Amino acid sequence: MDALLKPRNAGEVEEAVRWAAAEEQPLEVIGTGSKRGLGHPVQTAHVLDLSALAGVETYEPAELVLTVKAGTPIAEIEALVEENGQELSFEPMDYGPLLGRPAGGGTIGGVLAANLAGPRRIKSGAARDHVLGMEAVSGRGEQFVSGGKVVKNVTGYDLPRALCGSFGTLAVTTSATLKVNPKPETTATLEISGLSDEDAVTALCRAMGSSAEVSGAAHLPAGLWGETARTVLRLEGFQASVDYRFQSLNSLLSGFGPVRRLEDGDSRPLWAGIRDAAPHVGKAGTVWRVSVAPTAGPGVVAQLKEKLPLSAFYDWSGGLVWICFEDGELHEAELRAAVAASGGGHATLVRATGAVAASVPVFQPQPEALAALSRRLKEQFDPNGILNPGRMVTGV
Amino acid sequence: MPAPDPQVLERRREIVSALQAIVPGEGVIHDEREMRAYETDALTAYRQMPLIVVLPETVDQVSAVLKYCHKHDIKVVPRGAGTSLSGGALPLQDGVLLSMMKFNQVLDIDFENRAVVVQPGVTNLGITRAVEHEGFYYAPDPSSQIACSIGGNIAENSGGVHCLKYGLTTNNVLGMEVVLINGEVVRLGGKHLDSEGYDLMALMTGSEGLLGVVTEVTVRILQKPETARALLIGFPTSEDGGRCVADVIGAGIIPGGMEMMDKPAIHAAEDFVNAGYPRDVEALLIVELDGPEAEVDYLIGRVEEIARANKASHIRISESEEERLTFWAGRKAAFPAVGRISPDYLCMDGTIPRRELPKVLARMRELADKHNLGVANVFHAGDGNLHPLILYDANKPGELEAAEAFGADILRLCVEVGGVLTGEHGVGIEKRDLMTDMFTEADLKQQQRVKCAFDDKHLLNPGKVFPVLHRCAELGKMHVHKGQLPFPDIPRF
Chain A
1 MDALLKPRNA GEVEEAVRWA AAEEQPLEVI GTGSKRGLGH PVQTAHVLDL SALAGVETYE
61 PAELVLTVKA GTPIAEIEAL VEENGQELSF EPMDYGPLLG RPAGGGTIGG VLAANLAGPR
121 RIKSGAARDH VLGMEAVSGR GEQFVSGGKV VKNVTGYDLP RALCGSFGTL AVTTSATLKV
181 NPKPETTATL EISGLSDEDA VTALCRAMGS SAEVSGAAHL PAGLWGETAR TVLRLEGFQA
241 SVDYRFQSLN SLLSGFGPVR RLEDGDSRPL WAGIRDAAPH VGKAGTVWRV SVAPTAGPGV
301 VAQLKEKLPL SAFYDWSGGL VWICFEDGEL HEAELRAAVA ASGGGHATLV RATGAVAASV
361 PVFQPQPEAL AALSRRLKEQ FDPNGILNPG RMVTGV
Chain B
1 MPAPDPQVLE RRREIVSALQ AIVPGEGVIH DEREMRAYET DALTAYRQMP LIVVLPETVD
61 QVSAVLKYCH KHDIKVVPRG AGTSLSGGAL PLQDGVLLSM MKFNQVLDID FENRAVVVQP
121 GVTNLGITRA VEHEGFYYAP DPSSQIACSI GGNIAENSGG VHCLKYGLTT NNVLGMEVVL
181 INGEVVRLGG KHLDSEGYDL MALMTGSEGL LGVVTEVTVR ILQKPETARA LLIGFPTSED
241 GGRCVADVIG AGIIPGGMEM MDKPAIHAAE DFVNAGYPRD VEALLIVELD GPEAEVDYLI
301 GRVEEIARAN KASHIRISES EEERLTFWAG RKAAFPAVGR ISPDYLCMDG TIPRRELPKV
361 LARMRELADK HNLGVANVFH AGDGNLHPLI LYDANKPGEL EAAEAFGADI LRLCVEVGGV
421 LTGEHGVGIE KRDLMTDMFT EADLKQQQRV KCAFDDKHLL NPGKVFPVLH RCAELGKMHV
481 HKGQLPFPDI PRF
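For the record, the sequence lines run as chains A and B.
In terms of UniProt numbering, the first sequence opens at residue 1 and continues consecutively.
In terms of UniProt numbering, the second sequence opens at residue 1 and continues consecutively.
Quick caveat, the hints were computed from the structure, so don't treat them as lab data.
Some hints could be false.
For each label pair, taking beta carbons as the anchor points, the in silico distance ranges come out as [stated by the list, open to error]:
1. Leu469/B to Ala52/A: 49 to 55 Å
2. Arg302/B to Val259/A: 53 to 59 Å
3. Ser196/A to Glu304/B: 44 to 50 Å
4. Ala3/B to Ala369/A: 30 to 36 Å
5. Thr394/A to Ala442/B: 25 to 31 Å
6. Arg302/B to Leu308/A: 49 to 55 Å
7. Ala52/A to Pro4/B: 28 to 34 Å
8. Glu23/A to Arg365/B: 53 to 59 Å
9. Glu323/B to Ala62/A: 43 to 49 Å
10. Arg365/B to Gly11/A: 38 to 44 Å
11. Asp60/B to Ala222/A: 48 to 54 Å
Which residues of chain A face chain B? A partial, calculated answer using Cβ under 7 Å [what the hints assert, rightly or not]:
12. Thr67
13. Ala126
14. Val145
15. Asn153
16. Ala162
17. Glu326
18. Leu330
19. Ser359
20. Val360
21. Phe363
In silico lysine-lysine, DSS-like type, Cα no more than 30 Å apart, as pairs [claimed, not checked]:
22. Lys71/B to Lys445/B
23. Lys457/B to Lys102/B
24. Lys263/B to Lys359/B
25. Lys263/B to Lys165/B
26. Lys477/B to Lys445/B
27. Lys6/A to Lys477/B
28. Lys149/A to Lys359/B
29. Lys307/A to Lys283/A
30. Lys149/A to Lys6/A
31. Lys149/A to Lys165/B
32. Lys165/B to Lys359/B
33. Lys123/A to Lys359/B
34. Lys332/B to Lys123/A
35. Lys165/B to Lys311/B
36. Lys183/A to Lys149/A
37. Lys477/B to Lys71/B
38. Lys149/A to Lys332/B
39. Lys123/A to Lys224/B
40. Lys165/B to Lys183/A
Being a predicted model, the structure only gives us computed values, none of them experimental.
Where is the CB? At the ideal position from N, CA and C, for every residue including glycine.
Pulled out of the complex, with its shape left as it was, chain A reads as follows (with noise of 0.2 Å):
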């Protein structure tokens, strides 16, 4: 009998998760299923559908603080606090399009399991960094609280921070709090063009070691998004800072090449574009998302252009690179070569088709030692294995 299960309070998810787990019947936990593409496809009879639990418990404003269901549409959150004049400043990354699906989708929920963040993660940091306190129900069905609903609290360990990115194996985050922050009166971008990858990251990165509280620093080679190399830095806050923060970066660029100018209407979609990794958007290939020190994602690059036909643009201040192997293949073992060589980091197959992708681990593998604690993690949090099994690694 399969079954999708679509719960409409937070007591009939633990009912849900309590029947699979006396029943060790494995459930996918979704919300709309926009991120379905991540990880490894789980493939279980029952399907937990989130999308009923919507709606926001509370928000108030002037606390900065924001309570919603797991099941609350990202799109509707979004334009609730731009309403009030405030944004999530994590700026999450809409994976629609590049994972071939409509712009818009997605939940809370997902947003946090997948730990979603955008180019303003180098100054404001990712969904983990945003999240106050979490109801959940556990694999064991038992629901539980963590943290709370004011900016500041260390009461017990931080499992609301724990549980982002960890696509949903470990509990059904039912409603989470989140932290709001005022939305920026305006955006400009200093624009360089025609950077090498190795010049446009040293420039990036004088940049984010200046006080100019740069809060985008990406590099688009040539043929990205025109056809020249395009190397840009954000600027966000109220108009004077805005103008005062452009000057001084702009004598401190100076050497590096050509400058222009992009005001708030023309950076926006730019900003929006680097988010959604829009280079690589209707594209064929493989994609694989790479997190690496700044300065070494320019020889992650270079070492693997010398034998794979690949195109690649950074954001991060050059430490997260969007890599696609425009011949379809993986190159997983030439790709993890890389990033160790450059000094390690995290690379994370995004895009690939699905016989293919089934054929390597999607997420960086772990030194034993530590896959052991996770995997003891999981045990305690879901003992018989029924969420999301085998989403992130097999076994957890």
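For this one, chain A is given, so just place chain B on it according to the hints.
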């Protein structure tokens, strides 16, 4: 605290020899006189001599010590600089006290990647000292930053005055190396961001020494803001002050620091350092704006307007660095200033939703009358983190107990209005027994299951954080009820 294990106490001599074989030289302290320095941390009302003190110097030694203790069921209390205000480093009679203060080296300064790798015994301020020649600093700034260690900051997820804008320890740590109780060494994160797999750094940060021993830390450093200026604002009522704070944030302004003091704290500070604080106000707010000059000058004007609109009776704006530091001098000296007017004080640490401030202050005055003790409040106004200082005299019979009861009432009040027991000092032993006021048994059991994944014998820092210790075997049991597929009225496909 958990009852001491008589078998461990009996085997003390044997344990000393075993530890000496691992950490040679003067790294094992077992003389009672020398151990005295470790019998308490900054929660000085509690004292306990440890079984033995060990000061390893290498990761291999830490690993071997923990492996030995794990094998022989010996408890371990990790300790950094011993500045915990919640008793996090209080020793156990039958436990080895593991001091990490010989791990005091800065290992790697990487300005290009804005990352610094240090050993855990390096002080919080020591990190800034190592990078300030290039204009950089490490942002979290707990008030004990001159003494507290970065390893301790991780254990407590320390905050400070600037964390509303720059985040807590957890938001500023990029990587760590951790030795588990079984002696295994794991590395988490690094100079890159957002490692995949479970976010064990999130669990380690704020785990109060219960999950593992940190042996190396990578932190993010930032370029110092170009400038900083402050406003000193007095209000006739705490309601006016609270509304001003809400309006500043409502205007889209996140100040670098925003601190409030109540009348008793203002008077104590002014008597001590003559910072020029007005005495005829009920609430005093220090708002510091930092960043590029153009921004700071603009925002100073905005905050001044907001303060006037909220009936501020007194406004001063710093016109020089010296003046800015004078504004802060009273706030920074608030604890010793209170120490001057009272033989002893307890520093509490709850967080509340800011809108509840006037109500909480009023209730706190009632509680002060009930317990017949004085209280002065300093308050990280931006994030709702209260630090009530309860005044008492430990030499008067019953006053410590009264002060603790008063403190517990304040923290219960914080929880009652939607807040939490601790904003930055940790639970430790101080707030351990109040955990059931904030969490249900199911909540606490799930937390303890995390402990079981890291330390299934409960050997690391037991007796802290959790009021009742459940055996991991008991916590692991599943109570299953086989039955029907739930809520059959729901459509399924």
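* Holds or violated: glutamate 326/A as interface residue toward chain B, Cβ cutoff 7 Å? -> violated (25 Å)
* Is lysine 477/B close enough to lysine 71/B, meaning Cα to Cα at most 30 Å? -> With a Cα-Cα distance of about 24 Å, the restraint between lysine 477/B and lysine 71/B holds, given a limit of 30 Å.
* To do: Identify whether the interface hint at serine 359/A stands, where standing means a beta carbon of chain B within less than 7 Å of its own.
  => Serine 359/A check fails; min Cβ-Cβ to chain B is 19 Å, beyond 7 Å.
* Does lysine 6/A lie within 30 Å of lysine 149/A when you go C-alpha to C-alpha? -> holds (27 Å)
* Asked: How does the Cβ-Cβ distance of glutamate 323/B and alanine 62/A compare with 43 to 49 Å: does it lie in that range?
  -> Violated: the Cβ-Cβ distance is about 30 Å, outside 43 to 49 Å.
* To do: Measure nothing beyond the straight line between the CA atoms of lysine 149/A and lysine 165/B; if it is 30 Å or shorter, mark the hint as holding.
  => The given pair, whose Cα atoms are some 18 Å apart, holds under the 30 Å limit.
* To do: With a cut-off of 30 Å on the C-alpha distance, tell me whether lysine 6/A and lysine 477/B pass.
  => holds (28 Å)
* May I ask you to test the hint 44 to 50 Å on the CB atoms belonging to serine 196/A and glutamate 304/B? => holds (48 Å)
* Asked: Is lysine 263/B close enough to lysine 165/B, meaning Cα to Cα at most 30 Å?
  -> Measuring from Cα to Cα gives roughly 26 Å; hence the hint holds.
* **Distance restraint between lysine 71/B and lysine 445/B, which requires alpha-carbon spacing of 30 Å or less** => holds (25 Å)
* If you check the beta carbons of glutamate 23/A and arginine 365/B, does the distance land in 53 to 59 Å? -> holds (56 Å)
* Asked: Are the Cα atoms of lysine 457/B and lysine 102/B separated by 30 Å or less?
  -> holds (27 Å)
Of the numbered hints given earlier, the model fails hints 1, 2, 7, 9, 12, 17, 18, 19, 20, 33; all others are met.
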